[in-house]
Amino acid sequence: MKDIFFYAAIILCLIMVLSLYRAVFGPTILDRLIGVNAIGSKTTALLILIGLLYQRVDMFVDIAIAYAMLNFIAVLAASKYFQKRKGLQDNET
Amino acid sequence: MDILVVILLVLGLFFFFGGAVGIIRFPDFYSRLHPAGKLDTAGLLFSMAGMALYTAHDLTWGSLLTALKIMMIVVFVFLTSPTATHAIIDAGFTAGLSPWTKDK
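Protein chains in written order, with my numbering: chain D, 50 to 142; chain X, 2 to 105.
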């Protein structure tokens, strides 16, 4: 059962690399924000998997709650900041 | 019980993979938010349900509390992920990004 969690964590990391493409090469700033949001929501699942691997789920679940909250607040603050900036469409290809 | 956990984990990873492919391949900013908002939430629900089931299968109070906490993360993400998606779309709409059309 531990091997299954290990391989699931590795596959989840590869999926995060796929989302990282959009975060690095996104044409606009908001595309990068989408990629960062997707990576953050995958990280909460990855933290629980790491907790299952180390058999300390009771500790890692609190870190996952804090990370989900931090991801939400970061996306809200960044989108509120880029809302005021006009001229985003100049970066569009 | 273990088979159910593995099925839920694989289903969650499948939804995550679909979301990542959709984020890469959709042509436009507005349409990219569709897999980012929906499939990540669905994948998180299935994979977290599998892991909560594996945590709670020895029926002690501590493991049941941990499984309840994992499901509370799912409830929290179900509230916050549409809110974050709506905030990003509102930022793009206010900044004046034009949506993708077929002839562009």
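Among these hints, one or two may not hold up.
Sample of chain D residues facing chain X (criterion: CB under 7 angstroms; computed from the structure) [claimed, not checked]:
| no. | residue |
| --- | --- |
| 1 | Ile83 |
| 2 | Leu95 |
| 3 | Val124 |
Below, in silico cross-link-like pairs of lysine-lysine (DSSO-like), each with a Cα-Cα straight-line distance of 30 angstroms or less [to be verified]:
| no. | chain 1 | residue 1 | chain 2 | residue 2 |
| --- | --- | --- | --- | --- |
| 4 | X | Lys70 | D | Lys133 |
| 5 | X | Lys103 | X | Lys70 |
| 6 | X | Lys39 | D | Lys133 |
| 7 | X | Lys39 | X | Lys103 |
| 8 | X | Lys70 | D | Lys51 |
If you're looking for bench data, these hints aren't it; they were derived computationally from the structure.
Everything numeric in this text was worked out from a predicted model, so none of it was measured.
Idealized CB from N, CA, C, for every residue including glycine.
Status of each hint after checking the structure:
1. Residue-level restraint check for Ile83 of chain D holds (minimum Cβ-Cβ distance to chain X is 5 angstroms; threshold 7 angstroms).
2. With a cut of 7 angstroms, the hint placing Leu95 of chain D at the interface with chain X is violated, because the nearest CB-to-CB distance is about 10 angstroms.
3. Look at Val124 of chain D: its Cβ gets to within about 4 angstroms of chain X, closer than 7 angstroms, so that hint holds up.
4. Straight-line distance between C-alpha atoms of Lys70 of chain X and Lys133 of chain D comes to about 37 angstroms, which puts the hinted pair past the 30 angstroms bound.
5. Taking the CA atoms of Lys103 of chain X and Lys70 of chain X, the gap is near 46 angstroms; set against the 30 angstroms cutoff, the hint is violated.
6. Restraint check for Lys39 of chain X and Lys133 of chain D: the C-alpha separation of about 27 angstroms stays at or below 30 angstroms, so the hint holds.
7. Straight-line distance between C-alpha atoms of Lys39 of chain X and Lys103 of chain X comes to about 24 angstroms, which keeps the hinted pair within the 30 angstroms bound.
8. Taking the CA atoms of Lys70 of chain X and Lys51 of chain D, the gap is near 21 angstroms; set against the 30 angstroms cutoff, the hint holds.
Hints 2, 4 and 5, counting from the list given before, are not met by this structure.
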